[in-house]
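> Next come the chains, spelled out residue by residue.
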Amino acid sequence: MEDFILAEAIEKYVNGEMNASERAYFEEMRQNNPELDHQVAEQLFFLNELEKYSNLKNYTHTIHQTVSKLIDEGFINKNSLRGKAKLIYLWNRHRKTIAVAASIAGLVSILTGSILSFFNSGKNNNIKPLVEKIKEQDDKYRKLEVQIGQLNSSAQGTSTPKPRVESKFRATGFLIDTKNNFIVTSAHVLKEAPHQLVVENTKGEQYSATAIYINTEKDLAIIQIIDQDFDQLSPIPYSIKKGNGELGEQIYTLGFPKQEIVYGEGYVSAQNGYDMDSVYCQLSTSASEGNSGSPVINKKGEIIGIVSSKETNNEGVVFAVKSANIYAAIEDIQKNKDFKKIKIAQNGSLRGVDRVAQVKKVQEYIFMIKGN
Amino acid sequence: MLNSTEHDKALLRGLATKDSQAIEQIYRSHYQMVQYLVLQNRGSEDDAADIFQEAMMVLFEKASNPSFELNCQLKTYLYAVCKHLWLKKLKLLKRQPIRVTDMEVAIPVDEDIELYEKQQQHFDIMEQALHKLGEPCKSLLEAYYIEKQHMQEIAARFLYTNANNAKTQKYKCLMRLKKLFFAQYKHNL
Chain A
0 MEDFILAEAI EKYVNGEMNA SERAYFEEMR QNNPELDHQV AEQLFFLNEL EKYSNLKNYT
60 HTIHQTVSKL IDEGFINKNS LRGKAKLIYL WNRHRKTIAV AASIAGLVSI LTGSILSFFN
120 SGKNNNIKPL VEKIKEQDDK YRKLEVQIGQ LNSSAQGTST PKPRVESKFR ATGFLIDTKN
180 NFIVTSAHVL KEAPHQLVVE NTKGEQYSAT AIYINTEKDL AIIQIIDQDF DQLSPIPYSI
240 KKGNGELGEQ IYTLGFPKQE IVYGEGYVSA QNGYDMDSVY CQLSTSASEG NSGSPVINKK
300 GEIIGIVSSK ETNNEGVVFA VKSANIYAAI EDIQKNKDFK KIKIAQNGSL RGVDRVAQVK
360 KVQEYIFMIK GN
Chain B
0 MLNSTEHDKA LLRGLATKDS QAIEQIYRSH YQMVQYLVLQ NRGSEDDAAD IFQEAMMVLF
60 EKASNPSFEL NCQLKTYLYA VCKHLWLKKL KLLKRQPIRV TDMEVAIPVD EDIELYEKQQ
120 QHFDIMEQAL HKLGEPCKSL LEAYYIEKQH MQEIAARFLY TNANNAKTQK YKCLMRLKKL
180 FFAQYKHNL
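Just so you know, the protein sequences line up as chains A and B, in that order. Heads up: the first sequence at position 80 corresponds to 79 in numbering that gives the first Met the number 0, and the numbers run straight through without jumps. Heads up: the second sequence at position 145 corresponds to 144 in numbering that gives the first Met the number 0, and the numbers run straight through without jumps.
These are calculated hints, taken from the structure and not from any lab test. Just to be clear, a hint being listed does not mean it is correct.
[To be verified] Computed beta-carbon distance windows for the label pairs: (1) A:ASN14 with B:GLU110: 25 to 35 Å; (2) A:ARG354 with B:LYS178: 16 to 26 Å; (3) B:SER43 with A:ALA356: 12 to 22 Å; (4) B:GLU110 with A:GLU16: 52 to 62 Å; (5) A:THR209 with B:GLU5: 46 to 56 Å; (6) A:ASN346 with B:SER43: 49 to 59 Å; (7) B:LYS90 with A:ASN76: 21 to 31 Å; (8) B:LEU86 with A:SER348: 21 to 31 Å; (9) A:ASP226 with B:GLU5: 16 to 26 Å; (10) B:GLU110 with A:ASN18: 23 to 33 Å.
For clarity, every value in this text was computed on a predicted model and none was experimentally measured. In this text, a Cβ means the ideal position worked out from N, Cα and C, and glycines have one as well.
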């Protein structure tokens, strides 16, 4: 907290918002305390860099507007906007949308908060979301395990270890597009990661990710792996069902209620969720914290839902968001020009494959969602 | 009617304040010349647009410096910068310029371009740091430091209960950004 007080003081100092006595006091403190002086100098330098950045960004924005106008007029002949210029151009074009998206992100984090408290409030103690808050020990144990793994692999000279993200929760997600590396998970999961979001594969490798789409009403989110170290996976074996799962249909789930992937079995027990909510369907299966975002897969290898919550007082009653909502989400995302060409897996290759072989293929596409 | 030096100075002052009319005028007055230069030397119209845009960045860096004085006509300066940039690009592309003699740079612009490149490097580091920062921190800081919104507006936009909460959040984000920035900055030194 002291850091913030210092930061605030420095900013006031830089902006000339201190009165004479505050200023004198601050400068005296600087003189008598080399450590503080160093911090102030560093902060000043940083703020100056940020200011320059902001200046350049705004200037580039104006340049691009001018260039676009001159291109429209035919004064400049430019066929394509490439590379960085293109990115900035797109950024500018989408600036408004991005601003909206950002404010939605803000909105969402508060909404998910209220939904969580709604879930947890005394009045509605009946269902609870399935994100697991990680205990420190658990994570440490895991880290040790991974370090050993990394030691082994670096001994073979294959991998370069990178700093791991300290996570305060664990949930599940699954890949739906290998080109853009889109992963579906539950919206309430992202509330736990306001700062950093990573996905972790079954080998314990972490990749940074960012939220693309969050819909708290349907408890559905799509995140994207943005890590350059992530290697594209081969085509997705499962497909995503457009219609509802059948009543009584056998299903299985794969998720991370613990630090390793866990298989669960069950059946579709009702077509609607808690309080007849038609966004969800009801399953009879076991699920616990960490299962949020797990895919619900039927015999043919179709994903029919995403695990979201369970009834507190009724063991085995689990609610999953119907898979059709993924298509609705994708339609929304496609409104953004950058993501116009998203294609999600519609042709699975698991029909007729036995369960064990299916699970073996599918687990590579299931990720732990972590962050802080 | 201003004489040409006064006119140039006025344009550069406008440029320093990111005035779009000044930018447009500079484009209208000098773009054709640069396009001709690039087209005559194995470049395309797209190359010309890129080079001129880069030159505008160099010019901005220079015009933003309060002690800056232009010792020659803006036209001459821009021509020299664009030549320099294009020669560099040709070298990079391993294409030989045809009209070598015409491509000799008349006035020294090396230092200005170096300064610009250094600035660009810092810009990239900050951009990456912001990217790594993630949401909502990124948007929050951008709203305050780039879009220059007031804390009250930001509190409303990001649905913080009051400006003070938004402020605390902003400082937290800023501290994280600073760490990310310096990690890369020191790495690059």
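> Hints first: check each against the structure and report whether it holds.
Hints, verified against the model:
{"no.": "1", "hint": "A:ASN14 with B:GLU110: 25 to 35 Å", "result": "holds, 31 Å"}
{"no.": "2", "hint": "A:ARG354 with B:LYS178: 16 to 26 Å", "result": "violated, 47 Å"}
{"no.": "3", "hint": "B:SER43 with A:ALA356: 12 to 22 Å", "result": "violated, 54 Å"}
{"no.": "4", "hint": "B:GLU110 with A:GLU16: 52 to 62 Å", "result": "violated, 36 Å"}
{"no.": "5", "hint": "A:THR209 with B:GLU5: 46 to 56 Å", "result": "holds, 50 Å"}
{"no.": "6", "hint": "A:ASN346 with B:SER43: 49 to 59 Å", "result": "violated, 42 Å"}
{"no.": "7", "hint": "B:LYS90 with A:ASN76: 21 to 31 Å", "result": "holds, 25 Å"}
{"no.": "8", "hint": "B:LEU86 with A:SER348: 21 to 31 Å", "result": "violated, 54 Å"}
{"no.": "9", "hint": "A:ASP226 with B:GLU5: 16 to 26 Å", "result": "violated, 53 Å"}
{"no.": "10", "hint": "B:GLU110 with A:ASN18: 23 to 33 Å", "result": "violated, 41 Å"}
Consistency with the previously given hints fails for numbers 2, 3, 4, 6, 8, 9 and 10, ordered from lowest to highest.
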